[in-house]
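Asks: Below are the chains, spelled out letter by letter.
4 protein chains.
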Amino acid sequence: SGDFVLVLTCPDRPGVVHAVSSFLVGHGGNIVESQQFGDQLTGRFFMRLDFLVQGEGAEQVTAESLRSDFADVARRFDMTFELWEARAPYRTLIMVSKHLHCLNDLLFRYSTGSLQIEIPVVVSNHLDAEPLVRAHGLEFEHVPVTPETKPQAEDRLRELVEKHDIHLVVLARYMQVLSDQLCSELSGRAINIHHSFLPSFKGAKPYHQAFDRGVKLVGATAHYVTADLDEGPIIEQDVVRVDHGFNQQQLVTAGRDVEAQVLSRAVRWHAESRVLLNGHRTVVFR
Amino acid sequence: SGDFVLVLTCPDRPGVVHAVSSFLVGHGGNIVESQQFGDQLTGRFFMRLDFLVQGEGAEQVTAESLRSDFADVARRFDMTFELWEARAPYRTLIMVSKHLHCLNDLLFRYSTGSLQIEIPVVVSNHLDAEPLVRAHGLEFEHVPVTPETKPQAEDRLRELVEKHDIHLVVLARYMQVLSDQLCSELSGRAINIHHSFLPSFKGAKPYHQAFDRGVKLVGATAHYVTADLDEGPIIEQDVVRVDHGFNQQQLVTAGRDVEAQVLSRAVRWHAESRVLLNGHRTVVFR
Amino acid sequence: SGDFVLVLTCPDRPGVVHAVSSFLVGHGGNIVESQQFGDQLTGRFFMRLDFLVQGEGAEQVTAESLRSDFADVARRFDMTFELWEARAPYRTLIMVSKHLHCLNDLLFRYSTGSLQIEIPVVVSNHLDAEPLVRAHGLEFEHVPVTPETKPQAEDRLRELVEKHDIHLVVLARYMQVLSDQLCSELSGRAINIHHSFLPSFKGAKPYHQAFDRGVKLVGATAHYVTADLDEGPIIEQDVVRVDHGFNQQQLVTAGRDVEAQVLSRAVRWHAESRVLLNGHRTVVFR
Amino acid sequence: SGDFVLVLTCPDRPGVVHAVSSFLVGHGGNIVESQQFGDQLTGRFFMRLDFLVQGEGAEQVTAESLRSDFADVARRFDMTFELWEARAPYRTLIMVSKHLHCLNDLLFRYSTGSLQIEIPVVVSNHLDAEPLVRAHGLEFEHVPVTPETKPQAEDRLRELVEKHDIHLVVLARYMQVLSDQLCSELSGRAINIHHSFLPSFKGAKPYHQAFDRGVKLVGATAHYVTADLDEGPIIEQDVVRVDHGFNQQQLVTAGRDVEAQVLSRAVRWHAESRVLLNGHRTVVFR
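Chains as they are written, first to last, in this note's numbering: chain H, 1 to 286; chain U, 1 to 286; chain X, 1 to 286; chain D, 1 to 286.
Any given hint could be a false lead.
No distinction is drawn between identical chains; accordingly, a pair holds when it is met within one copy or between any pair of copies.
[Claimed, not checked] Here are the simulated SDA-like pairs of lysine to any residue, each with C-alpha atoms no more than 20 Å apart in a straight line:
1) Lys163 with Asp228
2) Lys98 with Gly113
3) Lys202 with Leu251
4) Lys202 with Glu231
5) Lys205 with Gln116
6) Lys150 with Phe246
7) Lys163 with Ser114
8) Lys202 with Arg213
9) Lys98 with Gly57
10) Lys202 with Gly28
11) Lys150 with His18
12) Lys98 with Ala254
13) Lys163 with Gln248
14) Lys98 with Ser114
15) Lys205 with Val121
16) Lys150 with Val25
17) Lys98 with Thr253
Calculated from the structure, these hints are not laboratory results.
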């Protein structure tokens with residue numbers, strides 16, 4: 001028996017759920033978990049289904065065969081969809097610079113199996129992360145970046161994405177701005193953690209801005225990468241309380257816990273196909 | 001066009017969603033919001049559907065006619081279900097003693113239309129609440145309780161529930177323990193707010209217990225009333241941070257905000273048919 | 001025996017605490033609660049002291065006599081200070097427009113004695129609040145505002161502040177922008193609630209902006225009024241989680257609870273002399 | 001110039017703060033941070049002072065010399081006190097079994113310098129933690145425990161505490177119950193993380209109990225070890241929201257983040273001398 005996940009979006013109209021459930025019944029599928037959302041503003045419908053295929057003939061059923069069979073339903077309702085084995089790990093490339101708290105958090109969760117990912121390689125423009133990565137038995141690649149070598153560095157990244165069949169790039173406090181071209185190429189499959197509660201404090205040094213403004217909470221935002229810096233669709237946000245006693249460095253330290261937690265949630269949800277794009281917003285079926 | 005809500009629970013098996021969606025398609029129904037949950041431990045399936053009936057003949061469709069038509073599906077899958085007009089207000093009787101913060105919160109939300117309830121009467125064993133109730137233009141009934149008159153007081157409550165066709169009784173800091181008999185009668189349609197994070201600090205004076213134990217958070221729990229005091233199915237809980245500087249009275253004050261918020265959420269969800277019983281636990285489709 | 005509160009700020013240098021504690025010892029004062037903060041960035045020191053004056057001669061001691069006696073210490077250390085009876089209620093004028101949730105919350109807390117304020121009058125440019133205000137036995141004054149009558153309306157407000165000896169003006173969702181001149185006059189003694197997590201979504205319709213940006217948390221900010229709109233020193237902020245299922249109206253509703261709580265905390269702290277200005281930031285001795 | 005921290009508790013009476021500030025002035029001390037708390041219930045006073053000794057002769061001033069000089073003040077006011085160099089790291093022994101999330105969190109924070117501790121040795125009754133500990137360049141000692149060898153195992157622990165001059169023992173999900181005798185010996189200098197919101201769900205398998213009770217939040221509690229299991233003074237607690245969709249394993253996973261954060265906060269505060277015992281409760285000067 002196989003466990004599969006189907007995510008889809010289409011114009012909302014009567015009969016969508018019926019068509020999908022008919023498809024499932026016809027393939028011996030039983031729903032484990034299902035979530036739906038109809039956006040009344042845009043008229044779009046979003047659905048995530050986790051289902052088991054059991055019984056006679058179930059062992060012949062694969063994600064590929066289901067995808068092929070579902071194409072007809074998708075065409076009829078003008079759906080965009082993805083269908084995967086529910087437990088297939090996302091092939092994930094992590095990029096990091098000198099601050100390792102997000103990387104450490106992701107690697108530890110990976111090591112305990114609580115993130116449904118594989119990590120073929122971790123890339124950094126510095127060497128600080130290497131021991132941590134090696135301690136987890138993972139491949140580390142040093143790709144230094146200078147203004148002059150940036151195009152080559154990005155080409156190297158493209159090669160790694162290609163070579164390792166990467167589904168998801170995670171910018172775990174990677175402090176280099178990617179080129180517009182690369183952002184576009186990775187659109188929808190790269191997640192960045194911004195160390196503020198966006199849209200507050202866009203750009204560099206958000207904790208310094210937060211300190212100057214005298215805020216009482218600091219936050220972090222995980223979002224998809226788009227060419228428009230810090231404006232990508234938000235996946236998750238959270239905050240932590242601070243007070244007048246926090247200096248800039250203490251704000252930074254307080255924020256790190258939130259950054260790591262927010263990013264790991266975003267990665268977990270993405271890897272379990274729980275995040276769907278809805279224009280420049282997201283639908284998250286937690 | 002009508003807006004209806006269907007909630008159901010049944011043994012989980014293939015075809016349930018298909019049968020329900022077939023029913024909807026057959027009645028011109030279009031799903032606005034849908035949530036499902038299959039409890040793998042108990043093998044039970046839970047579903048909530050908000051759907052519009054539109055198009056030709058829609059004006060003849062009523063909750064009653066849909067209920068009658070759905071009975072066959074329900075029988076086939078051994079379902080327990082309820083089906084209502086989605087915006088029909090719950091007829092709610094509120095009971096209170098001397099602490100009015102939960103009552104004030106409920107009445108204000110009621111006055112702004114953010115709770116889908118009607119309040120035919122507020123009952124109290126004291127007179128403190130009367131001015132607040134009258135200020136909202138609502139009926140107030142004083143039902144004093146002494147150990148001797150408790151049976152008569154409970155009979156009066158039964159009469160009020162009967163007379164006003166009450167669907168939901170809310171114990172908004174009502175400090176009298178209801179008899180086992182009355183608890184049983186109201187089972188599943190009475191919500192109590194307990195002023196602690198259950199199961200910590202059951203029974204009387206939970207803030208005193210919390211203070212003695214030196215806890216760093218205090219909480220509140222909204223739960224269905226059952227004969228087993230403070231053991232009813234939990235609908236909602238929340239906490240607020242306290243510290244060593246809080247004396248007992250300050251714990252009480254800090255807790256009040258949480259009590260009011262937790263209770264109002266529970267009432268809102270119940271009135272929108274978002275809470276389903278799953279043994280002595282609840283499924284809450286927020 | 002009297003209970004007094006002293007708040008002060010001065011350049012940080014050795015001997016400040018010793019001078020203050022010497023003063024207390026010399027006046028039979030015993031510290032109930034004390035908080036201090038030295039801002040290493042600005043080199044300023046902040047202190048709040050709640051102290052009892054007991055023993056022989058205590059009944060002759062008044063806030064006025066203490067203030068007069070403390071002037072010498074203050075001069076020596078270049079202090080700005082205030083000294084009050086600790087339980088003296090702040091005379092507070094509340095302004096509101098059509099959304100009453102913050103007003104309702106403040107009035108209820110006032111009625112239970114959990115805010116250390118008196119409310120000589122509630123002012124509104126609309127009539128919606130009148131019944132609620134009257135139900136609490138308080139004075140209501142209707143001061144309509146049009147572009148033409150704004151100067152007169154502000155003059156009327158000044159008269160009310162003067163006549164009622166107002167210490168604090170609370171803008172509890174008052175939807176008129178005050179003139180720069182009035183903002184300056186009220187500087188440091190007027191608190192506004194902004195319905196977003198500042199500096200996100202300044203200006204009008206913050207929930208609409210929040211919706212468009214697809215944020216996962218919405219918030220509220222209580223701040224002192226300054227001529228620079230939405231840029232005044234922040235006293236308190238909080239947020240509440242939302243998700244893709246919230247439309248604009250639901251964001252508004254979710255945010256209201258946070259607005260009311262954030263504003264009431266700010267008012268409570270201000271009325272207990274717990275908030276000190278530190279440039280355009282605040283020190284809050286909670 | 002030296003930076004020192006003084007924590008003290010004594011019966012609350014007039015003149016305590018004055019005596020301490022006189023001592024500081026007499027030793028050229030300038031207060032960086034100060035917190036006080038008078039417990040009106042028990043009549044005890046608690047104080048934490050972080051102060052700099054600067055100017056002529058400052059280089060001769062040591063924690064030891066200050067301690068010796070302060071003894072007279074302490075005697076006069078019947079104080080219990082500790083006085084340390086403010087940045088001296090706490091010598092900390094960590095114990096762990098098979099669940100490594102708390103250990104990983106502590107070691108990472110240690111590696112970034114955000115915990116003021118040294119870790120001479122990590123002890124476990126299993127071998128799972130060894131690679132993680134070695135990757136941080138720390139000493140690992142395997143001390144297996146069976147019912148028969150428990151006394152020897154505890155003797156070995158005592159030797160390690162002695163040999164490494166340990167100030168603090170952290171039970172970071174160490175799943176063996178310590179003997180009453182050892183608990184008494186370590187009283188006030190051993191911190192345990194309990195994986196529930198105490199006093200809910202004492203004892204083993206708290207997440208199973210939480211699941212059965214259908215709670216909507218799960219939590220964790222860091223507390224000092226005492227002979228009375230799970231009843232030691234609470235240092236810190238926190239919770240995370242769960243819902244009906246969480247099975248037992250998912251509750252466990254959700255709880256881990258809270259456990260790690262709560263424990264690391266408790267260790268940080270303890271190592272910075274911010275936690276004082278007040279009977280079976282704690283005063284935490286955050």
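Asks: Each hint: holds or not?
Replies: Going through the hints against the structure:
Taking the closest pair of Cα atoms, Lys163 and Asp228 never come within 20 Å of each other, the shortest separation being 27 Å inside a single copy and 54 Å across copies. For a Cα distance limit of 20 Å, the shortest separation of Lys98 from Gly113 across copies, 15 Å, qualifies, whereas the shortest one inside one copy, 25 Å, does not. For the identical chains of this complex, Lys202 and Leu251 are intra-copy neighbours only, at 16 Å inside a copy versus 23 Å across copies, given an alpha-carbon limit of 20 Å. Within a single copy, Lys202 and Glu231 get their C-alpha atoms as close as 9 Å, and across copies as close as 17 Å, so both meet the 20 Å cut-off.
For the identical chains of this complex, Lys205 and Gln116 are neighbours neither inside a copy (32 Å) nor across copies (26 Å), given an alpha-carbon limit of 20 Å. Proximity of Lys150 and Phe246 under a CA criterion of 20 Å is satisfied in neither setting, with 36 Å inside one chain copy and 41 Å between copies. Taking CA atoms no more than 20 Å apart as the test, Lys163 paired with Ser114 passes in neither setting, with 25 Å inside one copy and 38 Å between copies. In the homo-oligomer, the alpha carbons of Lys202 and Arg213 lie at most 20 Å apart both inside one protomer (13 Å) and across protomers (13 Å), since each shortest distance falls under that limit.
For a Cα distance limit of 20 Å, the shortest separation of Lys98 from Gly57 qualifies neither inside one copy, at 52 Å, nor across copies, at 41 Å. In this assembly of identical chains, the alpha carbons of Lys202 and Gly28 never lie at most 20 Å apart, being 49 Å within a copy and 44 Å across copies at closest. When the C-alpha separation of Lys150 and His18 is checked against a cutoff of 20 Å, the pair qualifies neither within a copy, at 51 Å, nor between copies, at 54 Å. With identical chains, the CA atoms of Lys98 and Ala254 are at most 20 Å apart within one copy only, with a shortest distance of 17 Å there and 28 Å across copies.
For the identical chains of this complex, Lys163 and Gln248 are neighbours neither inside a copy (41 Å) nor across copies (39 Å), given an alpha-carbon limit of 20 Å. In the homo-oligomer, the alpha carbons of Lys98 and Ser114 lie at most 20 Å apart only across protomers (16 Å), although the nearest pairing inside one protomer, at 25 Å, exceeds that limit. Taking CA atoms no more than 20 Å apart as the test, Lys205 paired with Val121 passes in neither setting, with 28 Å inside one copy and 37 Å between copies. Taking identical chains as interchangeable, the C-alpha atoms of Lys150 and Val25 are never at most 20 Å apart, the minima being 52 Å within one chain and 56 Å between chains.
With identical chains, the CA atoms of Lys98 and Thr253 are at most 20 Å apart within one copy only, with a shortest distance of 14 Å there and 28 Å across copies.
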